[in-house]
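Q: Note that the protein sequences, when read in sequence, are chains A and B.
Under the numbering used here, the first residue of the first sequence carries the number 10, and numbering increases by one thereafter.
Under the numbering used here, the first residue of the second sequence carries the number 10, and numbering increases by one thereafter.
Not one of these hints is a red herring.
Copies of one chain are not kept apart here, so a pair can be met inside one copy or by any two copies together.
With a Cα cut of at most 20 Å, we get these calculated EDC-like pairs of lysine to aspartate or glutamate:
1) Lys127 with Glu152
2) Lys129 with Glu152
3) Lys29 with Glu58
4) Lys100 with Glu152
5) Lys320 with Asp191
6) Lys100 with Glu136
7) Lys244 with Glu412
Simulated from the structure, these hints should not be mistaken for lab results.
The primary structure of each chain is shown beneath.
There are 2 protein chains.
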Amino acid sequence: MRIVVLKFGGTSVGTIKKIKKVANIIEEYKKKNFKIIVISSAMSGVTNELIKKSRHISNNFSGAEYDVLVSSGEQVACSLIAGRLIHKGFKARSWLSWQIPIFTEGSHKNSRINEIYKNKITSYLREGGIPIITGFQGINRNERVSTIGRGGSDASAIMFAKFFKAERCVIYTDVEGIYTTDPNQLRKAKKIKEISYEEMLEMASLGAKVMQPVSIQDARLNRIDVEVKSSYVKKSGTLITKRSNIINNKIITGISSTHNDAKVTLVGVKDKPGVAASIFKPLSKNLINVDMVVQNISPNGKETDLTFTIKTEDLSKTKKIIKDNKKINFRKVLFERGVSKVSIIGVGMISTPGVTFRMFQALASKKINIKVISTSEIKISVLIDKKNTKKALTILHKEFKLEK
Amino acid sequence: MRIVVLKFGGTSVGTIKKIKKVANIIEEYKKKNFKIIVISSAMSGVTNELIKKSRHISNNFSGAEYDVLVSSGEQVACSLIAGRLIHKGFKARSWLSWQIPIFTEGSHKNSRINEIYKNKITSYLREGGIPIITGFQGINRNERVSTIGRGGSDASAIMFAKFFKAERCVIYTDVEGIYTTDPNQLRKAKKIKEISYEEMLEMASLGAKVMQPVSIQDARLNRIDVEVKSSYVKKSGTLITKRSNIINNKIITGISSTHNDAKVTLVGVKDKPGVAASIFKPLSKNLINVDMVVQNISPNGKETDLTFTIKTEDLSKTKKIIKDNKKINFRKVLFERGVSKVSIIGVGMISTPGVTFRMFQALASKKINIKVISTSEIKISVLIDKKNTKKALTILHKEFKLEK
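Work the whole structure out from these sequences, hints included.
A: Shown next as structure tokens:
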């Protein structure tokens, strides 16, 4: 069987009109003789409404009941999609997670799918049926509804693609695909045809909010081709696949940027084992997300400088935490608002020397000062003044010929 | 185990505030050491919203998917009630019909509960848990969600009371109980303390819309005491029970009336077998609800007069159907708008002679003309001019001392 998994996000099924469009998309795959497994999210807005209700009931609403509550949203969307397909003359039906079943492990609100029973869905596919399956949920070994914490319906789609050895998993969403950089920032941004899992992971964690990193990682581990595309326009999207599938002579695949960051530098930190942990533990405890961390070697073996970035809104809290931290010893601390991180990402840089130099030269040509540098195998990030972000995106996009 | 089934209707769980009140009501029963089974409807308005969606998807929406769709409403309500009880420190949880399971038979949108597996709920009650169970639904033998056509959540509550041999089934709704007559019609109407199943059946079908007749009938067959009361005010409601439980020296329990009726009389109908069927078959086919039917004996053995009532809005349709009906033979047909049916109901009339006479005399004293009379064992109905309805209710209410 040639199986394709189609996943529709909340905005794709957000209205009756859009659900009808979704049925048309499914019809097209059916015409191409695919066996189709559909995974749907709840209609956009519904889940938030339900969560709001739970908060009004209790500021500490039971996790188990939260899962029963919010999982109703996908049930509604699936029955409507199935109803539309039946109306169009197809054999289709909704499948709730207990009917399959989809088993999860882990705690309520934050579980993971660990097993999908294949028998019923396989027979149904063989009979020519189109199963419409509730994303974002499963049941646990106690037969209670449990929702998937991270990745949501994307994670459900990837797991179905894995268990059913699907040829492809298509994620329908409200964007046309992954872009070389944020189109809202740079009009010249172009849709990327193909991107490796690794690049996508770097893009995702750096600001491309199309898919949750955990789902991309699951796709990577199971070597599942994922296509991200829009359910509104009939255009090909972006294929996320393994490196060796990509025939692409570009060195850089995309450029991402963050905004509203603040930089913290501890100068003259006593360099001894465990000092980094002492700094970051209280921040993490206070739910402050630390992004870039740069520490240089200690020139004298005694002291070092450590820089990290946080969201600007966390700055005053961070200041207090660092001041109150008795476990660390440093000469002075510097805080700076209004910085942004610009990163170039591309598997091509592994085999191409001089990429770092080209990036720095391009920024220098526009008199953009680089404050901090951090690199990984397929990514180079620099910290610059926030006001230079757009200028930096423009020159780097041009330098690495991404508009072509 | 002393078990009580508490059923909350849509208006009782219509808002977060009301759901909190429901949790308080449950708490009171818990304090009295009852084992409590809670059945909940969907929050008021939700089911209609979902049905509207299904109609926009298809004018012939799949019954199976309709059941998946609308059953989500009870799921939401149950998780919120359970969440509130947990918040208050009780052991509680939602139970979806597949988790119990509740089995149904019959077709989608119109099934009936025929079996409830007791094991899990019994253990849960023994552990001191409060199960909050989705009303109006079950699963069929194909493991598909199916909703209960008639009676809805009331029917679920009665079935749970039956299977668990509950001491009482309490139906919480938006009225305080059953009244001697419609309080909107007659301010002197009084709440009835106790009413027999049979009287309630007559009251229900005659306009008291508190409980569906099918659920009252189920309660009657299983000898389940049903209390109807308000979830808003702390007052005792009306107990529906078997005749022998009622210590009540009133002859008449209640008076009901219909409005907006029209009367149709066929004069000189050829009296032969099957003639009534020939008249009513095409009306039924056109979904015209025929209420009162009166046919007198044929004085000459050849011809008879037949009168029936319908809703006024069906009158023009009925006129056409009778005119087009080639299968019946009559001399002339009379139509009359603006009539209403007034009925007195009471098991007391069985053993009390002269009730009919007292009714007719009371009406005559107010110069109210009786057009048609129809009686059953515990009910006497008369057809009068619509404009006299209130006058009739007032005099009959007084005649049978219902305000006492």
